[in-house]
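J.: Read off the chains here:
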Amino acid sequence: SQQGEEDPQALSIQEGENATMNCSYKTSINNLQWYRQNSGRGLVHLILIRSNEREKHSGRLRVTLDTSKKSSSLLITASRAADTASYFCATVKAAGNKLTFGGGTRVLVKP
Amino acid sequence: NAGVMQNPRHLVRRRGQEARLRCSPMKGHSHVYWYRQLPEEGLKFMVYLQKENIIDESGMPKERFSAEFPKEGPSILRIQQVVRGDSAAYFCASSPRSDGPNYGYTFGSGTRLTVV
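Residue numbers (our numbering), protein chains in the order written: chain Z, 1 to 111; chain W, 112 to 227.
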């Protein structure tokens, strides 16, 4: 099974609404990262939150991390049609040497 | 400053042929990671290489798959005797440091392999 599991698998919202997606993981981590993938393209790094951090902001993105529940959330505020993409969480285990990805959340923002 | 370059973007192979996928990391990056993505799924780790060394190949299938990152030139992911199940998008990422996972990766645009 995967280290990270995103929820929901798919999300459809209107432009201007907020989009929230969650990620759960199984083992202790060093950090957790969120990536975006537009259809047919590579992944783009969005934000990284370390295990000793609880919340982080970057523009319209807000990430939270709850290590006691082994979960993270990504909030996109005031969504735009251009935010339509798949979003993946990825974790680095403590003393790990690679990223492990979840299955992703497909977000559709309707104009 | 070119990003991570992968070629070809699309590759079609008949069953039994060989597929060679290339990845040129960003300038100054000596650490390369290969991932495979099946349709509608997340990325699965395959192999982590540093120049001339395989560091972690725990995600590589035991047969038909190999990877290298020579002193000069791109990293190569080689799939021998391809089967339909090898059809996927293959992504490479690079980092300038061994603790690159702790800072995030730069990904290439991927190679989409179709086996017919």
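Derived by calculation from the structure, the hints in this document are not laboratory data.
Just so you know, even glycine gets a beta-carbon here, dropped at the ideal spot from N, CA and C.
Certain hints may be false.
Said to hold, decoys possible - If you want a taste of the chain Z side facing chain W, the calculated C-beta under 7 Å gives, among others:
| no. | residue |
| --- | --- |
| 1 | Leu-11 |
| 2 | Asn-31 |
| 3 | Arg-41 |
| 4 | Leu-43 |
| 5 | His-45 |
| 6 | Ile-49 |
| 7 | Asn-52 |
| 8 | Phe-88 |
| 9 | Lys-93 |
| 10 | Asn-97 |
| 11 | Leu-99 |
| 12 | Phe-101 |
| 13 | Gly-102 |
J.: Hints the structure violates: just list their numbers, smallest first.
T.: 1, 6, 7 and 9
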